[in-house]
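Residues per chain, in single letters:
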Amino acid sequence: MATALQILFSGLTVGAIYALVAIGFTLVYSSSEVVNFAQGEFVMLGGMISATAVAAGLAPLPAASLAIVATVVTGILLYGLAVAPARDASPIVVIIITIGASIFIRGLASVGMGKEFHTLPPLLATPTLDLGGASVQTQGLVVMAGSVAIVLTLWLFLRMTKLGRGIRATAANRLAAQLAGINPRVIVGLTFAISALIGALGGILITPITLTSFDVGTLLAVKGFAAAVLGGLTHPAGPVLGGLMIGLLEAVGAGYISSQYKDVFAFVVLLGVLFLRPQGILGGRAVERV
Amino acid sequence: MRRILANPYAPAFALAVVVVMVPLLVPSPFYLRLATLVFINALVVVGLNLLMGYAGQISLGHAAFFAMGAYASAIGPAHLGLPTLASMLAGIVLTGVVAYGVGKPILRFKGYHLAVATLGLGVIVSIVITNEIAWTGGPDGMQVARLWIGSWRVSGVANWYWVAGITLIVAMLGAANLLSSPTGRALRAIHDSEVAAGVLGIDVARYKLLVFVISAIYAATAGAFLALFDGHVTPVTGGILRSIEFVAMAVLGGLGSILGSVLGAAVLVVLPQALTSFHEFEHAILGAILMVLMIALRRGVIPSLQSWLLRGAA
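Chains L and D supply the protein sequences, listed in that same order. According to the numbering used here, the first sequence is numbered sequentially starting from 1. According to the numbering used here, the second sequence is numbered sequentially starting from 1.
Some clues are possibly wrong.
Under the rule of at most 30 Å between Cα atoms (straight-line distance), these lysine-lysine pairs were calculated in the BS3-like manner [as the list claims (entries may be wrong)]:
| hint | chain 1 | residue 1 | chain 2 | residue 2 |
| --- | --- | --- | --- | --- |
| 1 | D | Lys104 | L | Lys262 |
| 2 | L | Lys262 | L | Lys115 |
| 3 | L | Lys262 | D | Lys110 |
Honestly, the hints are just simulated from the structure, not real lab data.
Construct the entire structure; sequences and hints are all you get.
Okay, structure coming up:
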């Protein structure tokens with residue numbers, strides 16, 4: 001029982017981060033049909049910049065704010081300088097551009113912040129908690145609570161604000177949205193900024209648990225992309241479900257089968273799910289995208 | 001000009017000239033080694049381009065086939081006592097069989113689902129290689145026995161340059177031959193619209209599987225060459241980054257251009273070598289160049305140059 005709880009807990013913690021990365025993929029994809037493989041680098045930048053700033057003597061809150069601002073600026077520059085100039089190129093070319101961007105960002109991060117592992121102090125003073133016989137890290141609870149807050153805020157933003165409705169309109173029908181006076185370039189730029197923001201927050205939340213280094217972005221992008229496709233690239237709840245599923249599958253694989261083969265287990269189940277529901281778990285007849 | 005550009009066999013002849021000229025112009029082992037690596041990577045990319053550029057099916061897992069060819073050539077002599085040549089050939093055939101078995105279900109996917117499915121294949125193969133230490137040596141990799149063909153010991157740059165170069169020319173001729181046959185036209189029809197191709201009576205699933213298996217065999221051959229050339233093989237050979245690199249080479253050179261595949265491989269093999277003088281900025285510059293090239297030449301280097309040349313000629 002304690003083991004099962006432990007597995008559930010660690011699966012949900014990691015899954016929450018995959019979900020945040022997947023949300024970034026889905027947000028950008030649904031408004032622009034661009035698959036942004038630099039999404040994982042946002043998570044890396046969030047964690048790395050905060051950790052470097054804290055190590056340089058900054059207090060955690062200003063350090064995190066600095067990291068968030070820097071990552072959002074990176075996201076906007078990525079769109080403005082690399083993706084927007086190639087907007088009429090085929091999707092695979094834009095994917096390669098974002099891969100080039102992620103190599104570039106990773107390269108600069110390794111020069112500016114070093115190649116060693118960095119960490120951040122956990123948010124709460126008590127590092128572990130006894131939960132029904134399972135010892136869990138309080139930071140895991142912080143990750144989950146933070147992710148829930150991020151998802152709810154995003155949902156409210158997309159529903160209640162004019163800009164949010166603009167994003168949903170562009171996702172539903174780009175041309176119609178443009179005819180209604182919505183500037184698609186502003187909207188797509190905005191989705192890049194928001195996914196950078198979400199990625200940076202995820203990176204800051206998870207760093208006390210998993211540590212971070214300049215090269216964590218690639219694997220996160222791969223897992224987040226798989227999560228987004230698994231959940232259904234165009235359904236609002238898809239990335240959350242996909243991310244949590246992959247996180248849980250990995251934890252179950254690591255706990256009950258073998259920690260080396262956890263990813264094999266996760267991908268085999270993922271392939272099985274895609275066979276049964278090729279449109280993703282929630283994809284397909286969804287009326288609304290984002 | 002137009003006629004030369006349109007000839008499907010022209011790229012292979014152009015490469016044949018290059019293969020002969022390089023040793024005359026730059027006889028140093030360093031450059032010949034670099035050229036050999038370009039040929040080996042280009043062999044994978046030519047196959048991948050048949051799949052992506054002509055049949056329109058993406059694969060983010062071709063390093064898996066590359067690694068299977070490499071490790072088969074290593075494991076045969078080390079653990080099963082087989083001659084290197086036999087294990088290399090067996091590995092290539094086996095990879096083709098695996099591609100057939102895996103491709104049958106996987107190729108039902110389209111677009112991003114196919115991308116994730118092939119990515120999953122790549123992840124699985126790379127994890128197996130890293131963890132089956134008794135067979136593969138784990139993360140440290142393993143030594144590869146030398147290749148003997150009869151009494152010819154194929155080793156060193158001087159030998160492998162010619163083996164890889166000539167194999168690449170043959171592979172390009174094979175690709176050109178395939179593309180100018182009814183199969184090639186069927187593949188292009190599938191690329192434009194699978195539904196329309198099906199309506200015309202083209203067995204879409206069969207052709208996709210055929211080109212998938214061919215591209216896997218190209219990749220396995222290249223993988224075997226790399227392992228035998230280096231004399232050492234590590235799990236990096238089959239990592240996901242490798243798969244992504246192959247796709248980048250194909251797209252950079254130009255999807256649907258055989259010559260582009262060779263050029264894309266050349267750029268991404270030579271650039272990192274040329275950039276080592278920038279030390280720590282190497283990766284940042286590589287990423288920046290990849291971005292700028294793709295933004296400027298968005299259909300890939302060769303197709304963009306071709307349309308520019310044709311406009312100039314007309």
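Which of the stated hints cannot be reconciled with the structure, identified by number in ascending sequence?
When the structure is compared with the hints, none of them turns out to be violated.
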